[in-house]
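K.L.:
Please model the complete structure; the sequences and the hints are all you need to start from.
2 protein chains.
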Amino acid sequence: MGRRREFDVDQALDAALCVFWRKGYEGASYNDLTQATGVERPALYSAFGNKEALFHQALERYYEQQLSFFSAALAQPTSREVAAHILSGVAELNTRHPEHSGCFLINGALAGSDESESVRQTLIEFRAKGEAQLRERFERAKEEEDLPQTANCSALAAYVMAVTHGMAVQAKAGFSRETLEAVAAQALATWPTNT
Amino acid sequence: MGRRREFDVDQALDAALCVFWRKGYEGASYNDLTQATGVERPALYSAFGNKEALFHQALERYYEQQLSFFSAALAQPTSREVAAHILSGVAELNTRHPEHSGCFLINGALAGSDESESVRQTLIEFRAKGEAQLRERFERAKEEEDLPQTANCSALAAYVMAVTHGMAVQAKAGFSRETLEAVAAQALATWPTNT
DNA sequence: AGCGTTTTATAATGACCGTTACGAATTAAA
DNA sequence: TTTAATTCGTAACGGTCATTATAAAACGCT
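Those sequence lines, one after another, are chains U and G.
Under our numbering, the first residue of the first sequence is numbered 584, with each subsequent residue one higher.
Under our numbering, the first residue of the second sequence is numbered 584, with each subsequent residue one higher.
If you are wondering where the hints come from, they were derived from the structure by calculation, not from laboratory data.
By construction, the Cβ of each residue, glycine as well, lies at the ideal position given by its N, Cα and C atoms.
Certain hints may be false.
[Stated by the list, open to error] When the alpha-carbon atoms are kept at most 25 Å apart in a straight line, the in silico SDA-like pairs for lysine to any residue are as follows:
#, chain 1, residue 1, chain 2, residue 2
1, G, Lys634, U, Tyr613
2, U, Lys725, U, Arg710
3, G, Lys712, U, Pro681
4, U, Lys634, G, Ala768
5, U, Lys712, G, Ser654
6, G, Lys712, G, Leu657
7, G, Lys725, U, Lys725
8, U, Lys725, G, Asp697
9, G, Lys634, U, Ser612
10, G, Lys634, U, Gln716
11, U, Lys634, G, Asp615
12, U, Lys725, U, Lys634
13, G, Lys712, G, Asp615
14, U, Lys712, G, Thr762
[Claimed, not checked] Quick partial rundown of chain G residues pointing at chain U, CB under 8 Å, derived from the structure:
#, residue
15, Ser696
16, Ala741
17, Ala745
18, Thr747
19, Gln753
20, Gln769
[As the list claims (entries may be wrong)] Far from chain U, some chain G residues (derived; all Cβ distances over 12 Å):
#, residue
21, Glu589
22, Asp593
23, Gln594
24, Ala636
25, His639
26, Tyr646
27, Ser651
28, Ser671
29, Arg703
30, Gln704
31, Lys725
32, Leu739
33, Val746
34, His748
P.N.:
Here it is, written out as C-alpha cells:
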C-alpha cells in the first residue's frame with residue numbers, strides 16, 4: 584500500500600554517478616544531482632540516504648558496471664597481459680564518456696575540505712584493494728615462473744597503479760585516448776620476463 | 584604615509600600555499616586561510632586580491648620554490664638521467680611535507696564545481712608546459728643520438744608525466760617515499776637506449 | 001467511499017561560502 | 001598638532017550548501 588515511486592532508482596543512481604564522476608564528491612551539489620536525476624531532493628534522501636551514502640552507492644555501481652575489466656584482466660594468463668589489459672582498459676574507460684572524463688576513483692575525492700575525509704579514505708582503501716589484488720596476481724606469476732624470482736611484486740603493482748592514476752589525471756585534462764594508449768604502451772615497453 | 588602592514592606578505596603566501604596544497608582550491612576556505620596565515624580576511628584581500636588571485640600567486644611561489652628541480656633535471660646530460668631526476672625529485676617533493684603530501688598541481692584542482700573551471704585550466708596548462716619542455720628535451724636527445732631515432736618523444740614525455748601524476752595521487756593517499764621511489768625505479772627499468 | 005501508507009514538491013532551516021562596508025587605529029607629512 | 005592616507009579587526013552582505021518539516025497527492029486495502 585502507499586503511493587508508488589515515480590522514478591527509477593537505478594536510473595537516478597546512474598545519473599548521480601555521472602555527476603560525481605565529473606565533479607567529484609564535494610564539487611557535486613544537490614542542485615546538480617536533482618537536475619541530472621530529475622528527482623527532487625527529498626526523494627533522493629528517501630531513496631539513498633544522505634550525500635555520502637549516495638556517493639557510496641555510486642561507487643558500488645561504478646565498480647560493478649565500469650570496473651569489470653579489472654577482474655577480467657587479472658584472469659589473463661601472463662602478468663604482462665594482465666598489466667596490458669589493465670592499462671588499455673583504463674585508457675578506454677577514462678576517455679569513453681566525453682562529458683565525464685577521467686576516473687571516478689580519482690576525481691571523486693583527491694584533495695578537499697576536512698568534512699570529506701571519510702570519503703577520501705573510502706576511495707583510498709578501494710584503490711588499495713585493487714592494488715593488493717594486482718600484487719597477489721604478480722606473486723602467483725612469480726610462482727608460475729612467469730615473472731623472475733627477482734621481481735618486486737609490490738613495486739610492480741604500485742607501478743602499474745601509478746600509471747593508471749596518472750592516465751586518469753591526464754584524461755581529466757582532456758588527453759585523447761590515443762595519447763593514453765601511447766602512455767600505456769610505453770609503460771609496458773620493458774616488462775620483466777623470465778627469458 | 585599611512586599605517587604600515589603588520590604581517591609579512593611572503594610568509595602569509597607561504598602559509599596560504601600550504602593550505603591550497605593540502606586542501607586544493609575549492610577545499611580551502613577563508614577560515615582555513617586566515618587561521619594558517621594569522622591574517623584577517625580583508626588584509627588577505629588587500630594584499631593578494633580575491634581567492635583565485637591568491638591561488639595564482641601561490642602557484643607562482645610553488646613553481647619558484649618547489650619546482651626548481653625540474654629545470655635542473657632538464658639540464659642533465661642524458662634523457663635517462665633527465666627522467667630519473669624528475670621521478671626522484673617528484674618522489675621527494677610529494678613526501679617531503681607530511682602535513683600536505685602530494686603535488687600542488689594535482690591537489691589544487693582536479694575535479695570540482697564549474698566555478699573553479701578557470702583554476703583547473705590554469706593548472707592543466709601549467710602541467711602541459713612542463714610536459715612540452717620535457718618533450719623538447721627528448722627531441723634534443725634524439726638529435727644528439729642519446730635516444731634512438733625510433734623513439735616517440737611526445738609519448739615518452741607523456742609517460743614520464745603520467746608516472747609523476749600517479750605518484751602524486753599515491754603520495755596523497757599516504758604512500759611512503761620508499762614506495763614512490765620503487766615506482767620511479769620501475770618506471771625507468773627499461774628506458775630506451777641507442778646501444 | 002474511507003483509511004492508512006508512501007511519495008510527491010514546496011519551501012524553509014541553520015551553517016558556511018567568498019566578499020566587503022565600516023569605523024577605529026596607526027603612520028608620515030604639513 | 002592637525003591632516004591625509006593606509007591598515008586593522010569586527011561584523012555584516014547575499015548566496016549557496018546539505019538537510020528536512022510539511023502538506024498535498026496517489027496508491028492498496030477494507
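K.L.:
Now, for every hint given, state plainly whether the structure supports it.
P.N.:
Checked hints:
1. For the proposed pair Lys634/G and Tyr613/U, the alpha carbon gap of about 24 Å is at most 25 Å, so the pair holds.
2. For the hint pairing Lys725/U with Arg710/U, the CA-to-CA distance comes to about 23 Å; that is within 25 Å, so the pair holds.
3. Between the alpha carbons of Lys712/G and Pro681/U the distance comes to roughly 23 Å, so the proposed pair stays at or under 25 Å and holds.
4. Taking the CA atoms of Lys634/U and Ala768/G, the gap is about 40 Å. The hint is violated against a cut of 25 Å.
5. A threshold of 25 Å between alpha carbons decides the hint, and for Lys712/U with Ser654/G the separation of about 36 Å lies outside it, so the pair is violated.
6. The straight-line distance between the Cα atoms of Lys712/G and Leu657/G is roughly 13 Å, inside the 25 Å bound, and the hint therefore holds.
7. Of the supplied pair hints, the one linking Lys725/G and Lys725/U is violated, its CA atoms being roughly 36 Å apart against a limit of 25 Å.
8. A threshold of 25 Å between alpha carbons decides the hint, and for Lys725/U with Asp697/G the separation of about 47 Å lies outside it, so the pair is violated.
9. Between Lys634/G and Ser612/U the CA atoms are separated by roughly 20 Å; this keeps the pair inside 25 Å, and the hint holds.
10. Of the supplied pair hints, the one linking Lys634/G and Gln716/U is violated, its CA atoms being roughly 42 Å apart against a limit of 25 Å.
11. Distance check on the hinted pair: Lys634/U and Asp615/G sit about 23 Å apart at the alpha-carbon level, within 25 Å; holds.
12. A threshold of 25 Å between alpha carbons decides the hint, and for Lys725/U with Lys634/U the separation of about 43 Å lies outside it, so the pair is violated.
13. Taken as a hint, the Lys712/G and Asp615/G pair is broken in the structure, with Cα atoms around 30 Å apart against an allowance of 25 Å.
14. Taking the CA atoms of Lys712/U and Thr762/G, the gap is near 16 Å; set against the 25 Å cutoff, the hint holds.
15. With a least beta-carbon distance of about 4 Å to chain U, the hint placing Ser696/G at the interface is held under the 8 Å criterion.
16. For the restraint placing Ala741/G at the interface with chain U, the shortest Cβ-Cβ distance is roughly 5 Å, inside the 8 Å limit, so the hint holds.
17. Taking 8 Å as the C-beta cut-off, the interface hint given for Ala745/G holds, the closest approach to chain U being about 3 Å.
18. This hint holds: Thr747/G has a C-beta 7 Å from the nearest C-beta of chain U, less than the 8 Å allowed.
19. Look at Gln753/G: its Cβ gets to within about 6 Å of chain U, closer than 8 Å, so that hint holds up.
20. Proximity of Gln769/G to chain U holds as hinted, the smallest CB-CB distance being about 4 Å (cut-off 8 Å).
21. Against the 12 Å criterion, Glu589/G stays outside the reach of chain U, whose nearest CB is about 29 Å from its own CB.
22. Chain U leaves Asp593/G outside its interface by the beta-carbon criterion, the shortest separation being 24 Å against a cut-off of 12 Å.
23. Every Cβ of chain U is farther than 12 Å from the Cβ of Gln594/G; the closest lies at roughly 23 Å, confirming the non-interface assignment.
24. No beta-carbon of chain U comes within 12 Å of the beta-carbon of Ala636/G; the shortest separation is about 20 Å.
25. Interface exclusion of His639/G from chain U stands, the closest Cβ pair being 17 Å apart, more than 12 Å.
26. With a closest Cβ-Cβ approach of about 18 Å to chain U, Tyr646/G is found to remain outside the 12 Å limit, as its non-interface label requires.
27. Interface exclusion of Ser651/G from chain U stands, the closest Cβ pair being 22 Å apart, more than 12 Å.
28. With a least CB separation of 14 Å from chain U, Ser671/G remains clear of the 12 Å interface cut-off, as annotated.
29. Not every CB of chain U is more than 12 Å from the CB of Arg703/G (nearest about 8 Å), against its label as outside the interface.
30. Interface exclusion of Gln704/G from chain U breaks down, the closest Cβ pair being 9 Å apart, not more than 12 Å.
31. Every CB of chain U lies more than 12 Å from the CB of Lys725/G, the least distance being 15 Å, so the non-interface label holds.
32. Not every Cβ of chain U is farther than 12 Å from the Cβ of Leu739/G; the closest lies at roughly 6 Å, contradicting the non-interface assignment.
33. A beta-carbon of chain U is positioned within 12 Å of the beta-carbon of Val746/G; the least distance is around 6 Å.
34. Not every CB of chain U lies more than 12 Å from the CB of His748/G, the least distance being 4 Å, so the non-interface label is violated.
Checked against the numbered hints above, the structure breaks hints 4, 5, 7, 8, 10, 12, 13, 29, 30, 32, 33 and 34 and satisfies the rest.
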